[in-house]
Structures are given as structure tokens and as C-alpha cells.
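J.: Sequence:
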Amino acid sequence: MSGAIDMQLEQLQERFVEADIQRLASGTRLVTVPKVILPVGWSQPSTVIRFLIPPGYPYAQLDCFWADCGLRLAGGGLPQNSQAMAIPEADIMGWWFSWHLNGAWDANRDTLSSWMNVILERLKEAR
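1 is the number of the first residue of the sequence shown in our numbering; add one for each residue after it.
Hints may be right or wrong, so weigh each one.
[Claimed, not checked] Quick list of the computed label-pair ranges, beta carbon to beta carbon:
| hint | residue 1 | residue 2 | range |
| --- | --- | --- | --- |
| 1 | Leu24 | Ser114 | 17 to 25 Å |
| 2 | Gly70 | Asp106 | 18 to 26 Å |
| 3 | Ser98 | Gly3 | 24 to 32 Å |
| 4 | Ser2 | Gln80 | 33 to 41 Å |
No lab work stands behind these hints: they were computed from the structure.
Don't be surprised by glycine CBs; every beta carbon is placed ideally from N, CA and C.
Turn these sequences into a full structure, and let the hints guide you.
T.: Set out below in C-alpha cells:
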């Protein structure tokens, strides 16, 4: 792993101890964050979050994420802008959220932890 990614993984692990990164064949990396606590309004109390780090990171921005395949809204409905989708190269099915950074990505400011904050912000509202 690159030094910057190693450092950012350590920062992410300060909040999510079991967070890990797996290198895929293309050079893309898969970040896995288990046991992410969900607020009221979801069908589960927690989920595994996964997202991809593209080879050009940190200059290439992070985009989208996956949760457990069975994650639904508390009433059984499907979350907005989401669908079941395999994680490329990983042979893992997940519930893919088409979710993007609101604003410009800044390689000098944005990190794995700040992207995780974007994901958590999305999950605050069960919709």
C-alpha cells in the first residue's frame, strides 16, 4: 500500500477498529468497514460498509459505496438510489448506493475518513 493510504487506514481504524483494505487485481483497493452502527429507520442495527479506492487515489476521488445486501428501510422498502450489485473484482454481492461527494474532491483535504463521514451522513436519513 502507499504511505498515504496506510496512514489514512490507521486514521479510519481509530474510529472503526476492524476496517481493512484488500488490494484487487487492477490495483483498485477495497475498503471494508464492519459493524457500522445504523440509526433508527433501517432494517438492521448495523451493516458492513465497503467502498473502492481507485488506482489514481488520492487524486481520483472516491465514489459510491456498498452495504449488506439485505439492508432495507425499516418498513421493508428499498433505499433511494440503490440496488443489489456485485463489487467489481471482489466477487461480493452488496447493496450498492449511488452516492457522491457534494462538492469538489480535494486530494489535500479529503481522506478515507472524510469519505466515511459522507457515507454516515447518507445513512443518517433512512430514505
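J.: So which of the earlier hints does this model not fit?
T.: Hint 2 alone not satisfied by this model.
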